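Trainee: Read off the chains here:
Protein chains: 2
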Amino acid sequence: MKEIIGGVTAVQGFTAAGIAAGLKKNGRNDMALVFSDVDAVAAGVFTTNAVKAAPVQRDIEIVKTRKTVRGVVLNAGNANACTGEEGKKADKAMAAAAAEALGVETDDILTCSTGVIGQLLPVGKVTAGAKLLAESLSSEGGDKAAQAIMTTDTYSKQCAVEVKIGGKTVTIGAMTKGSGMIHPNMATMLCVTASDVAMSKELLQEAVRDVVNVSFNMISVDRDTSTNDSYMILANGKAGNPEITEKNADYEAFKEALCYVAVKLAKLMAADGEGATKLLEVTVKNAASEESAKVLSKAVITSNLVKAAVFGSDANWGRIICALGYSGIEFNPEAVDLWVESESGKLKLAENGLATDYSEEFATKILSDKEVTVTADMKMGKYNATAWGCDLTYDYVKINGDYRS
Amino acid sequence: MKEIIGGVTAVQGFTAAGIAAGLKKNGRNDMALVFSDVDAVAAGVFTTNAVKAAPVQRDIEIVKTRKTVRGVVLNAGNANACTGEEGKKADKAMAAAAAEALGVETDDILTCSTGVIGQLLPVGKVTAGAKLLAESLSSEGGDKAAQAIMTTDTYSKQCAVEVKIGGKTVTIGAMTKGSGMIHPNMATMLCVTASDVAMSKELLQEAVRDVVNVSFNMISVDRDTSTNDSYMILANGKAGNPEITEKNADYEAFKEALCYVAVKLAKLMAADGEGATKLLEVTVKNAASEESAKVLSKAVITSNLVKAAVFGSDANWGRIICALGYSGIEFNPEAVDLWVESESGKLKLAENGLATDYSEEFATKILSDKEVTVTADMKMGKYNATAWGCDLTYDYVKINGDYRS
Chain A
1 MKEIIGGVTA VQGFTAAGIA AGLKKNGRND MALVFSDVDA VAAGVFTTNA
51 VKAAPVQRDI EIVKTRKTVR GVVLNAGNAN ACTGEEGKKA DKAMAAAAAE
101 ALGVETDDIL TCSTGVIGQL LPVGKVTAGA KLLAESLSSE GGDKAAQAIM
151 TTDTYSKQCA VEVKIGGKTV TIGAMTKGSG MIHPNMATML CVTASDVAMS
201 KELLQEAVRD VVNVSFNMIS VDRDTSTNDS YMILANGKAG NPEITEKNAD
251 YEAFKEALCY VAVKLAKLMA ADGEGATKLL EVTVKNAASE ESAKVLSKAV
301 ITSNLVKAAV FGSDANWGRI ICALGYSGIE FNPEAVDLWV ESESGKLKLA
351 ENGLATDYSE EFATKILSDK EVTVTADMKM GKYNATAWGC DLTYDYVKIN
401 GDYRS
Chain B
1 MKEIIGGVTA VQGFTAAGIA AGLKKNGRND MALVFSDVDA VAAGVFTTNA
51 VKAAPVQRDI EIVKTRKTVR GVVLNAGNAN ACTGEEGKKA DKAMAAAAAE
101 ALGVETDDIL TCSTGVIGQL LPVGKVTAGA KLLAESLSSE GGDKAAQAIM
151 TTDTYSKQCA VEVKIGGKTV TIGAMTKGSG MIHPNMATML CVTASDVAMS
201 KELLQEAVRD VVNVSFNMIS VDRDTSTNDS YMILANGKAG NPEITEKNAD
251 YEAFKEALCY VAVKLAKLMA ADGEGATKLL EVTVKNAASE ESAKVLSKAV
301 ITSNLVKAAV FGSDANWGRI ICALGYSGIE FNPEAVDLWV ESESGKLKLA
351 ENGLATDYSE EFATKILSDK EVTVTADMKM GKYNATAWGC DLTYDYVKIN
401 GDYRS
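Respectively, the protein sequence lines represent chains A and B. full-length UniProt numbering numbers the first residue of the first sequence as 1 and each following residue consecutively. full-length UniProt numbering numbers the first residue of the second sequence as 1 and each following residue consecutively.
Simulated from the structure, these hints should not be mistaken for laboratory data. This one's a predicted model, so the numbers in the text were calculated from it and none came from an experiment. Every residue gets a Cβ at the ideal spot worked out from N, C-alpha and C, and that includes glycine. Take these hints with a grain of salt, some might be off.
Below are the EDC-like pairs computed for lysine to aspartate or glutamate, each with C-alpha atoms no more than 16 Å apart in a straight line [claimed, not checked]: (1) B:K168 with B:E252; (2) B:K398 with A:E334; (3) A:K125 with A:E86; (4) A:K398 with B:D395; (5) B:K92 with B:D107; (6) A:K255 with A:E3; (7) B:K348 with B:D377; (8) B:K92 with B:E105; (9) B:K88 with A:E202; (10) A:K67 with A:E202; (11) B:K365 with B:E341; (12) A:K88 with B:E334.
Selected chain A positions facing chain B (in silico; Cβ < 10 Å) [stated by the list, open to error]: (13) L120; (14) G124; (15) L349; (16) E361.
Isolated chain A, as found in the complex:
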């Protein structure tokens, strides 16, 4: 497997576009389209929030009932959530406008929205935008599409890899956005992944679920699960590999490559969390189960006190062990070892639950780097998990609270 330049349009048979439909007040591009020139097997996972945006409700139904689709139309600036029947109509109209211009069925087009909750999606703007997108499709359009779905993201997020499967070169390309808004509102995580792999729908869905569980589901910026989170993959089979229909070596090779892309994008998203200055990676080692390792690592990356300490480059390990402690997982505090690590080095802060004689100065140096890793050894079993978050900063408060200033 090797990483290559580009995103969704690095994959053969996929074109994309990004245009301005007038949803963002600053006039930036705010709609994107990703399109496969042949039928593509579709799989996806969506927000667990009881409040689901109109596009999420529609996509869940389509992914469940249809084997293939052709594309995804996305808008930023309006979440189309809590908008009732009108919202559902506007969402479908957006898909229909793209479908008509592309000569495919309405339900061949999935939809994603991100932005303000509770405001009606302006149906005239998005249908005109969808038509313009269809006319603007290009095999170099991946960058524009990735840029168009940004909200308060400070950079666009793409990744592509090539992997040999069944003697053929299979490509996976993805774009994602997260941790932002243009009018302060829910951050939403959207990810569209394209691949030319030939694979059954059932296995594709299973691979997606496994991959999301160790990538996007292991990041947090503010512990607020959006109404719009969507991860979807379209696989058009153009690589010509023998179709993957069982969990063989080909399946594992594809899943590993898909996981590489997902983890890379998830980390970029955490690092670009609203107001963030640092990426915080937390690995919990030797937990009693995989689930407890995940819960423990997520407790640390979501703790406001840990996040604030990371912002202040403060080796406040008491906050880390405290967060492990309230995670709900049973463990022996008097067995836990804690480390911090960065490109500056590695330092053990606590051994068997007690402070080591560490250098505060060196700890501060480590914590001052842009990527900080915390490792907790629970000494209970053999299960590990890694979660990613970011620091809590003045800018987080500014972006989400004091935007009038």
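With chain A held as given, fit chain B onto it using these hints.
Mentor: Here is chain B on its own, set in the frame of chain A:
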């Protein structure tokens, strides 16, 4: 029932003191003692964090095994958590020093600590402090005791009430601290309640558990559950009421009064959360169960995005319904009504899950007040719950992250 001036020493038979033992670097009072001149029935509830500070471990054992105690010695500035066997020894030494000076048994004295995690409690300072406290006890010492346990609290927190029980006047007085630290670290909630009620230990424990569940357990400043949280009550029977040994009208009258004191102090604590400028009260109405009403209301007060919106006086109701949505409780988003309310008035923001035609200007006016109430009507059942929190501000980040600046 009526509220009266004072705190723990408003109760007959109780004396208190607050002194400086040198734990706080700024020289402020940092140790307190509350003492009953006769045996007092003891009950308490303690942190659910798997990491429990030395005093918490000791208190749990004493409250479980002894019927009565005589007092509580408290220190601020050092949490005595993650300190191993040395920490347990220092904790016991603090109790023993107070007990010796007071002529009681070591296990007659409960202990509480709050401050930095992972640093050894300076045993010389706290034993000298405990002795000085014993010599400084006074029936007017409640104020000093309440002040001495403050960390980054901006005001001390006390409450006292009188209630007629069995033809006698029963008094309840309490002091609490919360949401602060002197060296940035875990906020800890400590509450010592004194009463002259005559009541069995079993019923007192049950009343405490019920009361804490609707008061202190319903507040949150940062979702970080401390290693040191402690709520304890000492009841010395001096009111002369017939001992309460069953759940009769006397029991209910006492519990109501105890609840009044606890809710008042819990709200003061939330309003004085680190960096807070506003108290946020969230009432969930007509939920399907009491537990789900609690979970829903706590999801809203702990949402960073809701807290930041309250700081910005932004009527961002999408964040509220989103937080309800990810609470894990099932409900119909298209049935929910949402209101905001303050002394400026009341405004319905959403009806049946859709935005009303509300005035943004009036919403901002309501949200600009010091105490803001959000009400969510779930229309599912008959259960209500109220939770209290505060806004997320620049000062929260400053206190916990950027303290070197």
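Trainee: Take the hints in turn and mark each one as holding or not.
Mentor: Hints, verified against the model:
{"no.": "1", "hint": "B:K168 with B:E252", "verdict": "15 Å, holds"}
{"no.": "2", "hint": "B:K398 with A:E334", "verdict": "31 Å, violated"}
{"no.": "3", "hint": "A:K125 with A:E86", "verdict": "15 Å, holds"}
{"no.": "4", "hint": "A:K398 with B:D395", "verdict": "12 Å, holds"}
{"no.": "5", "hint": "B:K92 with B:D107", "verdict": "9 Å, holds"}
{"no.": "6", "hint": "A:K255 with A:E3", "verdict": "15 Å, holds"}
{"no.": "7", "hint": "B:K348 with B:D377", "verdict": "11 Å, holds"}
{"no.": "8", "hint": "B:K92 with B:E105", "verdict": "12 Å, holds"}
{"no.": "9", "hint": "B:K88 with A:E202", "verdict": "56 Å, violated"}
{"no.": "10", "hint": "A:K67 with A:E202", "verdict": "9 Å, holds"}
{"no.": "11", "hint": "B:K365 with B:E341", "verdict": "10 Å, holds"}
{"no.": "12", "hint": "A:K88 with B:E334", "verdict": "13 Å, holds"}
{"no.": "13", "hint": "L120", "verdict": "9 Å, holds"}
{"no.": "14", "hint": "G124", "verdict": "20 Å, violated"}
{"no.": "15", "hint": "L349", "verdict": "9 Å, holds"}
{"no.": "16", "hint": "E361", "verdict": "13 Å, violated"}
Violated hints, in rising order: 2, 9, 14, 16; the structure is consistent with all others.
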